[in-house]
Amino acid sequence: MAKQSLSFALEARAVAQLDDYVIDLAWSPDGKQLALAGGEGKVALADVDGKFSVATLGEHMLGTLALAWQPHAKRFATAGQDGSVALWDAASARQLKRWKPGVGATQALAWSPIGDALAAATGKSVTLWSADGDKIHSFAPAASTAVALAFDRPGTDLGVALNGELAVHRIEKSRYETRRYKWPAACLTVNFSGNGRFLASGMADGTLHFWNRSSGKDSQMRGYDGRVQRVAWSDNSKYLASCTGNDLVLWDFSGKGPEGQRPLVLSGHTDRVDAFAWQSGGEHLLSGGRDWRLVLWRPGRAREPIDVQMTDGEISAMRWSPDGKHVVVGEKQGRVSLFEVVAR
Amino acid sequence: MSVTPSRVPVTVLTGFLGSGKTTLLNRILSEKHGKRIAVIENEFGEVGVDSELVIGAEEELFETNNGCICCTVRGDLIRILGQLMKRRDRFDYILIETTGMADPGPVAQTFFLDDELKSTFQLDAIVTMVDAKHFEQHVDELNEPAEQVAFADLVLLNKTDLVDESALTRIESRIRGINGTARILRTRNADAPIEKVLNVGAFDLNRALAVDQAFLEPEYPFEWAGVYQLDAGDYLLRAGGEHHEHEHGHEHVHGEHCNHDHDHAHGHDHAHADLDLVVVPLPAATPEALQDAIEQAVRSFSEPATVVNCHGEISGRGHFAIDISHGGADFALNIAKAGAHALFFEHHPLEFGLHLTGQRPVLERKFASHHHEDDISSIGISDPRPLDPTKLNQWLDYLLKTRGQDIFRMKGVLNVKGEDRRQVFHGVHMMFDAQPERPWGSAPRVNQLVFIGRDLDRAELEAGFESAVAK
Chain A
1 MAKQSLSFAL
11 EARAVAQLDD
21 YVIDLAWSPD
31 GKQLALAGGE
41 GKVALADVDG
51 KFSVATLGEH
61 MLGTLALAWQ
71 PHAKRFATAG
81 QDGSVALWDA
91 ASARQLKRWK
101 PGVGATQALA
111 WSPIGDALAA
121 ATGKSVTLWS
131 ADGDKIHSFA
141 PAASTAVALA
151 FDRPGTDLGV
161 ALNGELAVHR
171 IEKSRYETRR
181 YKWPAACLTV
191 NFSGNGRFLA
201 SGMADGTLHF
211 WNRSSGKDSQ
221 MRGYDGRVQR
231 VAWSDNSKYL
241 ASCTGNDLVL
251 WDFSGKGPEG
261 QRPLVLSGHT
271 DRVDAFAWQS
281 GGEHLLSGGR
291 DWRLVLWRPG
301 RAREPIDVQM
311 TDGEISAMRW
321 SPDGKHVVVG
331 EKQGRVSLFE
341 VVAR
Chain B
345 MSVTPSRVPV
355 TVLTGFLGSG
365 KTTLLNRILS
375 EKHGKRIAVI
385 ENEFGEVGVD
395 SELVIGAEEE
405 LFETNNGCIC
415 CTVRGDLIRI
425 LGQLMKRRDR
435 FDYILIETTG
445 MADPGPVAQT
455 FFLDDELKST
465 FQLDAIVTMV
475 DAKHFEQHVD
485 ELNEPAEQVA
495 FADLVLLNKT
505 DLVDESALTR
515 IESRIRGING
525 TARILRTRNA
535 DAPIEKVLNV
545 GAFDLNRALA
555 VDQAFLEPEY
565 PFEWAGVYQL
575 DAGDYLLRAG
585 GEHHEHEHGH
595 EHVHGEHCNH
605 DHDHAHGHDH
615 AHADLDLVVV
625 PLPAATPEAL
635 QDAIEQAVRS
645 FSEPATVVNC
655 HGEISGRGHF
665 AIDISHGGAD
675 FALNIAKAGA
685 HALFFEHHPL
695 EFGLHLTGQR
705 PVLERKFASH
715 HHEDDISSIG
725 ISDPRPLDPT
735 KLNQWLDYLL
745 KTRGQDIFRM
755 KGVLNVKGED
765 RRQVFHGVHM
775 MFDAQPERPW
785 GSAPRVNQLV
795 FIGRDLDRAE
805 LEAGFESAVA
815 K
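Residue numbers (the working numbering), protein chains in the order written: chain A, 1 to 344; chain B, 345 to 815.
Just so you know, these hints were derived from the structure itself, not from any lab.
Glycine included, every Cβ here is placed at the ideal spot set by N, Cα and C.
One should not assume that every hint holds.
Residues on chain A that point at chain B, a partial pick, calculated with CB under 7 Å [to be verified]: (1) Tyr21; (2) Glu40; (3) Gly63; (4) Gln81; (5) Ala186; (6) Gly226; (7) Gly300.
Heads up, simulated DMTMM-like pairs for lysine to aspartate or glutamate below, C-alpha to C-alpha not over 25 Å straight-line [stated by the list, open to error]: (8) A:Lys32 / A:Glu59; (9) B:Lys430 / A:Asp271; (10) B:Lys462 / A:Asp47; (11) A:Lys325 / A:Asp47; (12) B:Lys745 / A:Asp225.
Whenever a hint applies, use it, and build me the whole structure from the sequences.
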């Protein structure tokens, strides 16, 4: 990447079709394959290197809810409304194992950073599995449904979004201590900052909270028009991004942090923003939504979009490749487009 | 750019265990109506139709606003509804079945939560199934049955074949007392026509607010009046619907029956052993004469009643409290002067199987009564005076802040000063939706408000309304 240049643009490279509403996408660690999850339940695989065609591997009855590629491996996991977790082998394009960790829908999955453990949130229970799908641990069931999961960057803490709190389980050999971060509303997301200092959560009451992990201090960010369902830290932990209506809302954690400060509001969409993603290892942010627009931002450098591309429909998901050079965008009607970020 | 699809109507089906919800669901799903229906149910696996989409839910409640109970919504529903909308084979309807003990509030409130949900789904109606056989017992013992009735737009009074007509009348009156605006439909085996259950449009602000006019009338101390054309002489007013006309000659039979019942009558005596009754002679058996007699009847009701025991006498004019605490009670009605007489009853006489033997009313009329057995009731306000928009908002804000928890449902059509269109609103607890609707045109402008809730105070609501009237 030309370090001095501010001029980057998206260039369309390939298009494929998933016969389903794209709810999420996951890159293989080598950036050569892509797993796709559909709202009606499809689980599919695409070769990015080849002709970018989509092959359906299987499905989750009534809808896929979660997709996660195992770090450093050729496997990925999916989970769904049917409650089951499935392990898929990307090399052979086959399902390896499928099981039900508990009662209810499995809403969230998270791999530990080194890929040795898979956490699954099923109804009110959170379970930990080996890479081969053998049970490692069941955490005590929570009082409410677990809706989101995330490991911190070292992989020692597993965060669980619950109604009224984030529970953080310390993963140590045969000891699982739990620390709780409470707020009287339903937590919808759990987001560890990469530098380990903060823990954030989007809430159903239209607020965004973050806790300082060393002091436990809770800060609340308001001004959202409804549930805060999408939250993401930039790779360098500088920005915490969220969206409300047609805008992206970024809280700046550099310097004294966002408390008492106005957020950075990025306005470049004409309808609701439904998906956004930070560039892996970079500073770019990509957003998409109901206005069919794909907007590339470089927060802190430019307040205006640095590129805008039109897609063929409402955008529902997007993921950057591990090297941050490509991004794949999924639409509600199943279209999947591959873009490359190029210097102009 | 983006096409906004029409909103998917959602019907919420509540009712006690055994009231017939599953039977109704199975009927709806198996009928050939050409509609695609998704069902979200709690008691997973009960619905036996596999051609449609049936999803189990976990009844996962969460508060959206800092511990406020009346801002509680259903997280599981939000997720499942989101999943349904990701399917490209769209559904014509969504039916949500709640558990028997469920509070319908959080389910209904979910649809008011935010713009995303409001723009995708249209809460169509809350349908409450009532088991005619067990309703009275349940409503006396528990809170939920009355609450479920209070939330309803449509009450299906089911299993009507298991009880007699007087019980049905009594139950309907009780339901009316709780919820003055719901439609009541009698069914035997949950056999309600699908078009009466789905696409009711109860929350559709674009449709005229369908409120039973009788409910918005002033409330009276009586529920029913009958006009009888009577010759001078003695008549028998009998309680107990099972008895047939031909028995009436046998005085001793009634005596025995009556005495027999006396011993245990007090065991299940309830608060209404006495039934108030006012007799007013009319100049003619016409609706106008009955209308003119209402004022006198109201006055008479406010005067002390003559207590009439079993076999006692009622004269052709005045206020009486007849003792109906035991079945088979009868009373003599002495008519001194031939002519039309109106009998105003505190409760519908059919509730007690009361009838004037050998006589049929030539005219009858039902009245909205403010007598309530339950702490949940409905209050209607009908007033033509235009409202001040600022004061109206102040009043409603205050009302919802202070009483939001007790007010289950609230709806109305408002005549706002300076506004050519009807202002229409709907609320579930504190969740609220309002918008201008079609113009008044030449129609008479009138405010019609309905509140359904617990321990409602009419005077307080009327004073609040008064404060919002434009000066």
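Comparing the hints with the structure gives:
1. Tyr21: Check passed: Cβ of Tyr21 (chain A) comes within 4 Å of chain B, closer than 7 Å.
2. Glu40: holds, 5 Å
3. Gly63: The hint holds - Gly63 (chain A) has a Cβ within 7 Å of chain B, the shortest such distance being about 4 Å.
4. Gln81: holds, 6 Å
5. Ala186: Status holds, d = 4 Å.
6. Gly226: holds, 3 Å
7. Gly300: This interface hint is violated because 29 Å lies over the 7 Å limit.
8. A:Lys32 / A:Glu59: Measuring from Cα to Cα gives roughly 22 Å; hence the hint holds.
9. B:Lys430 / A:Asp271: holds, 18 Å
10. B:Lys462 / A:Asp47: violated, 39 Å
11. A:Lys325 / A:Asp47: At roughly 16 Å apart (the allowed maximum being 25 Å), Asp47 (chain A) and Lys325 (chain A) satisfy the hint.
12. B:Lys745 / A:Asp225: Roughly 21 Å separates the two Cα atoms, so the pair holds.
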